[in-house]
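Engineer: Residue numbers (our numbering), protein chains in the order written: chain P, 1 to 76; chain V, 1 to 76.
Some hints could be false.
As the list claims (entries may be wrong) - Below are the DSS-like pairs computed for lysine-lysine, each with C-alpha atoms no more than 25 Å apart in a straight line:
1) V:K40 with P:K40
2) P:K61 with V:K2
3) P:K2 with P:K40
4) V:K34 with V:K61
5) P:K10 with P:K61
6) V:K34 with V:K10
7) P:K40 with P:K10
8) P:K34 with P:K61
9) V:K34 with P:K40
10) P:K10 with V:K40
11) P:K10 with V:K10
12) P:K40 with V:K2
13) P:K2 with P:K34
14) V:K10 with P:K2
15) V:K40 with V:K2
16) V:K61 with P:K61
17) V:K61 with P:K34
18) V:K2 with V:K34
19) V:K34 with P:K2
20) P:K10 with V:K34
21) P:K2 with P:K61
22) V:K2 with P:K10
23) V:K2 with V:K61
24) V:K2 with P:K34
25) V:K61 with V:K10
26) V:K61 with P:K2
27) P:K34 with V:K40
To be verified - Distance ranges between label pairs, derived from CB positions:
28) P:K61 with V:E19: 17 to 25 Å
29) P:Q17 with V:T66: 13 to 21 Å
30) V:V13 with P:A47: 23 to 31 Å
Hints are computed from structural coordinates only; laboratory data are not their basis.
Cβ atoms here follow ideal geometry from the backbone N, Cα and C, with glycine treated the same way.
2 protein chains.
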Amino acid sequence: MKARVHVMLKNGVLDPQGEAVRHALGALGFDGVKGVRQGKVIELDLADGTSEAEVTAMCEKLLANTVIESYSVEIA
Amino acid sequence: MKARVHVMLKNGVLDPQGEAVRHALGALGFDGVKGVRQGKVIELDLADGTSEAEVTAMCEKLLANTVIESYSVEIA
């Protein structure tokens, strides 16, 4: 089975990487880009029967820094 | 309007970051993690009326390195 985890910086946390992308898009002539936030996506190939709770535990322990990042889990 | 772009390394391209995550999960006692691929997710806050073609152009020009990365665009 597959799971996909999205990890994004929480709202209010400065995202210099996203800000750099926004700036670069503007410099390339893409007007109308009002904001950019960049995060991580982690695709996990898991043994069958792994529970969503286990994936959540992985996020809490390793994949996300829950002080500044939020995560969401999708089981596919 | 919002758009979300996923950028992943193409299959067959070595992903050392994903491999490091897989190894760390194993060390933390999460058995049954067979593979991990790590990519980027970019959330764009766009002016209304921006077309999907324009977002695709952003991906081709800046957001993805199409030699080794594939991307997908979701308009929300």
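Engineer: Broken hints, numbered, in rising order?
Structural biologist: Structure breaks hints 2, 4, 8, 11, 13, 16, 18, 20, 26.
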